[in-house]
Amino acid sequence: MKTRTEIVLAGVGGQGLILIGKIIGEAAALYEGKNAVQTQSYGVASRGGFSKSELVISDEEIAYPEVMEPDLVLALSQQSYDMYRNKIGKNCLLIFDSDTVDSGECSGKAMGYPMTSAAVELHSLKNLNMIALGILSGLTTSRDIFITGFPSYDSIRKSLEQNSPSQYRHQNLEAFEHGFKLP
Amino acid sequence: MTQEIKFLQGNEACLEGALKAGARFYAGYPITPSSEIAEMASQRLPAIGGVFIQMEDELGSMAALVGASMAGAKAFTATSGPGFSLMQENLGLAIMTEAPCVVINVQRSGPSTGLATKPAQADVMQARWGTHGDHAIITLCPTSVQECYDLMIYAFNFSERFRTPVIFLSDEIVGHMREKVVLRDDIPVVDRAFPQCEPNQYKPYKAGDDKVPPMAYFGSEFIFHASSSMHDETGYPNNTSQNADKVIRRLYEKIYDHRDEISITKEFETEDADVLFISFGAAARSAREAVKMLRSGSIKAGLLQINTIWPFPDEKVKRLALRAKVVLVPEMNLGQIINEVIKFSCGTPVFGINKVDSTIITPLEIVNKAKEVLQNA
Numbered sequence: 001m002k003t004r005t006e007i008v009l010a011g012v013g014g015q016g017l018i019l020i021g022k023i024i025g026e027a028a029a030l031y032e033g034k035n036a037v038q039t040q041s042y043g044v045a046s047r048g049g050f051s052k053s054e055l056v057i058s059d060e061e062i063a064y065p066e067v068m069e070p071d072l073v074l075a076l077s078q079q080s081y082d083m084y085r086n087k088i089g090k091n092c093l094l095i096f097d098s099d100t101v102d103s104g105e106c107s108g109k110a111m112g113y114p115m116t117s118a119a120v121e122l123h124s125l126k127n128l129n130m131i132a133l134g135i136l137s138g139l140t141t142s143r144d145i146f147i148t149g150f151p152s153y154d155s156i157r158k159s160l161e162q163n164s165p166s167q168y169r170h171q172n173l174e175a176f177e178h179g180f181k182l183p
Numbered sequence: 001m002t003q004e005i006k007f008l009q010g011n012e013a014c015l016e017g018a019l020k021a022g023a024r025f026y027a028g029y030p031i032t033p034s035s036e037i038a039e040m041a042s043q044r045l046p047a048i049g050g051v052f053i054q055m056e057d058e059l060g061s062m063a064a065l066v067g068a069s070m071a072g073a074k075a076f077t078a079t080s081g082p083g084f085s086l087m088q089e090n091l092g093l094a095i096m097t098e099a100p101c102v103v104i105n106v107q108r109s110g111p112s113t114g115l116a117t118k119p120a121q122a123d124v125m126q127a128r129w130g131t132h133g134d135h136a137i138i139t140l141c142p143t144s145v146q147e148c149y150d151l152m153i154y155a156f157n158f159s160e161r162f163r164t165p166v167i168f169l170s171d172e173i174v175g176h177m178r179e180k181v182v183l184r185d186d187i188p189v190v191d192r193a194f195p196q197c198e199p200n201q202y203k204p205y206k207a208g209d210d211k212v213p214p215m216a217y218f219g220s221e222f223i224f225h226a227s228s229s230m231h232d233e234t235g236y237p238n239n240t241s242q243n244a245d246k247v248i249r250r251l252y253e254k255i256y257d258h259r260d261e262i263s264i265t266k267e268f269e270t271e272d273a274d275v276l277f278i279s280f281g282a283a284a285r286s287a288r289e290a291v292k293m294l295r296s297g298s299i300k301a302g303l304l305q306i307n308t309i310w311p312f313p314d315e316k317v318k319r320l321a322l323r324a325k326v327v328l329v330p331e332m333n334l335g336q337i338i339n340e341v342i343k344f345s346c347g348t349p350v351f352g353i354n355k356v357d358s359t360i361i362t363p364l365e366i367v368n369k370a371k372e373v374l375q376n377a
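Chains as they are written, first to last, in the numbering used here: chain A, 1 to 183; chain B, 1 to 377.
Hints may be right or wrong, so weigh each one.
Stated by the list, open to error - Pulled from the structure, derived: some chain B residues nowhere near chain A, Cβ distances all over 10 Å:
(1) 118
(2) 190
(3) 282
Unchecked claim - Only some residues are given here: those of chain B computed to face chain A with a beta carbon under 8 Å:
(4) 173
(5) 176
(6) 178
(7) 289
(8) 295
(9) 296
(10) 297
What the hints assert, rightly or not - With a straight-line Cα cutoff of 30 Å, these simulated DSS-like cross-link-like pairs (lysine-lysine) come out:
(11) B/292 with B/254
(12) B/20 with A/87
(13) B/6 with A/158
(14) A/158 with B/371
(15) B/6 with A/126
(16) A/90 with A/109
(17) A/90 with B/371
(18) B/292 with B/246
(19) B/246 with B/343
(20) B/369 with A/90
(21) A/87 with B/369
(22) B/266 with B/355
(23) A/87 with B/371
(24) B/118 with A/126
(25) A/87 with B/246
(26) B/292 with B/369
(27) B/292 with A/90
(28) B/355 with A/87
The hints are simulated quantities; they were obtained by calculation from the structure and are not laboratory data. If you're wondering where the values come from, they're calculated on a predicted model, not measured in any experiment. Even glycine gets a Cβ: it sits at the ideal position worked out from N, Cα and C.
Please build the complete structure, drawing on both the sequences and the hints.
Put into structure tokens, the structure is as follows:
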């Protein structure tokens with residue numbers, strides 16, 4: 001049985017992908033007693049350019065810290081969608097922002113949600129990452145899709161509260177809840 | 001005993017370890033991928049009565065460390081390749097004046113500015129020989145966030161115990177990786193030995209049998225002179241060849257005579273290993289995964305993970321290499337630590353697995369190379 005869950009969060013620098021990676025990782029490691037490793041890759045620009053955050057979650061000790069065969073990919077830009085769409089296994093979920101990504105054929109299961117418009121309608125584009133996190137949580141909690149190792153709604157929410165500065169906590173939670181209901 | 005468990009970056013764990021070890025002085029110039037250490041030190045140190053100084057550059061940072069160390073503080077800095085190059089001159093000053101301090105180098109891809117945000121493991125020989133002249137150095141390499149914390153305490157302990165700078169050679173992958181870490185308090189903290197003689201009898205560079213001189217601090221009643229020039233036990237210049245020979249040998253032997261105390265390695269399934277990997281830092285994580293993959297395919301593989309890279313664990317390498325059919329050395333450079341391994345491999349064939357495209361070596365790359373060399377062995 002597969003014990004290693006691998007998640008890629010990919011997009012553009014400044015979208016807050018590392019933060020949601022940290023939130024998921026901390027939820028798994030501190031609130032669900034699992035092992036989790038979060039790594040990141042980014043360019044020299046603080047905004048713009050390809051950026052990704054990777055997570056490995058397992059009940060066992062994690063030796064290799066990066067993703068080998070992802071179970072779940074979040075793509076918040078065209079470049080990141082194109083990078084993964086033909087590289088993933090047939091059971092891998094590729095969740096993308098349908099407002100900004102033109103979906104082409106995909107070797108896995110691609111599912112788009114209007115994340116940018118949801119964020120802008122709620123508050124602003126700054127909430128895109130929290131909308132996306134909510135969608136991932138909502139999807140993995142639903143009956144149809146089950147990703148072993150993805151932390152529960154309660155753990156993610158707790159970790160999100162811990163990792164939000166007080167002035168943004170309310171807004172972050174609101175965006176997360178909004179995203180949670182989208183799938 | 002309740003110990004705090006957190007989900008931290010390697011760089012953050014370095015800072016936690018430094019504070020646990022008693023570090024109270026940081027001087028540095030922020031540089032990717034080490035900047036989180038400076039950022040956190042700037043907030044945490046002043047809050048506990050420590051000092052944080054953002055310096056004009058890395059030459060000044062290293063000089064400030066020597067000064068703070070002489071004044072009695074446990075001092076440290078964090079940098080990456082370009083800054084580490086600039087620190088080499090005053091790193092020599094710290095060695096010569098025997099000023100304990102810890103220099104963290106979170107390695108990135110070079111040469112020069114290189115790829116500022118991408119990893120490499122190419123400063124291994126620079127850590128050993130970057131500053132001029134015959135000298136010994138202690139260098140520790142972490143492979144996980146927990147090791148960032150644990151080994152940072154050892155780094156300070158070794159620097160205090162042996163009155164020497166210690167290089168903490170991390171890399172971008174380990175530095176930016178987040179993992180669970182126990183902020184344990186069961187590693188004893190070592191402080192430098194203070195002179196037991198009368199102040200007027202104090203000779204700052206007179207060592208006992210263990211070759212490490214007790215250290216007073218500036219501002220105490222023990223007045224002393226510290227010089228980068230060749231000096232004798234009094235600290236004042238002495239240019240005789242007899243003295244130079246004595247001092248250079250003592251500086252070397254105070255570390256090499258205590259290798260057993262300093263050497264930290266970990267072994268994974270080495271007992272019956274036909275394929276022996278020898279690695280360090282982020283690459284050792286890939287090698288561990290490769291061990292699992294090869295074992296599941298009935299190939300007996302094992303890993304010697306080197307945490308104390310300098311002094312090099314030559315006896316351990318000899319012992320394990322003798323039993324193996326092949327030795328493979330994965331490292332994110334074009335071949336640095338492999339040359340040390342070859343020196344002590346006792347005739348067992350040694351192969352490098354080298355990668356310099358700024359991405360981590362994957363377990364599959366290691367597995368494939370291992371199978372290839374086994375076939376020809």
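Now the hints, each set against the structure:
1. 118: violated, 8 Å
2. 190: holds, 30 Å
3. 282: Violated, because the least Cβ-Cβ distance between residue 282 of chain B and chain A comes to about 7 Å, which does not exceed 10 Å.
4. 173: Status holds, d = 7 Å.
5. 176: Result: holds, 6 Å to nearest chain A Cβ.
6. 178: holds, 4 Å
7. 289: holds, 4 Å
8. 295: violated, 12 Å
9. 296: It is violated, given that the least Cβ distance between residue 296 of chain B and chain A is near 13 Å, above 8 Å.
10. 297: violated, 16 Å
11. B/292 with B/254: violated, 39 Å
12. B/20 with A/87: Roughly 45 Å between the alpha carbons, so the hint for residue 20 of chain B and residue 87 of chain A is violated.
13. B/6 with A/158: Holds - the C-alpha atoms of residue 158 of chain A and residue 6 of chain B are around 14 Å apart, at most 30 Å.
14. A/158 with B/371: With a Cα-Cα distance of about 46 Å, the restraint between residue 158 of chain A and residue 371 of chain B is violated, given a limit of 30 Å.
15. B/6 with A/126: Satisfied, since the Cα-Cα distance of roughly 27 Å is no more than 30 Å.
16. A/90 with A/109: Between residue 90 of chain A and residue 109 of chain A the Cα gap is close to 7 Å, so the pair holds against 30 Å.
17. A/90 with B/371: holds, 28 Å
18. B/292 with B/246: Between residue 292 of chain B and residue 246 of chain B the Cα gap is close to 49 Å, so the pair fails against 30 Å, i.e. violated.
19. B/246 with B/343: holds, 28 Å
20. B/369 with A/90: Within the cut-off at roughly 28 Å; holds.
21. A/87 with B/369: holds, 23 Å
22. B/266 with B/355: holds, 23 Å
23. A/87 with B/371: It holds: about 25 Å lies between the C-alpha atoms, which stays within 30 Å.
24. B/118 with A/126: It holds: about 26 Å lies between the C-alpha atoms, which stays within 30 Å.
25. A/87 with B/246: violated, 63 Å
26. B/292 with B/369: Within the cut-off at roughly 15 Å; holds.
27. B/292 with A/90: With a Cα-Cα distance of about 25 Å, the restraint between residue 292 of chain B and residue 90 of chain A holds, given a limit of 30 Å.
28. B/355 with A/87: holds, 22 Å
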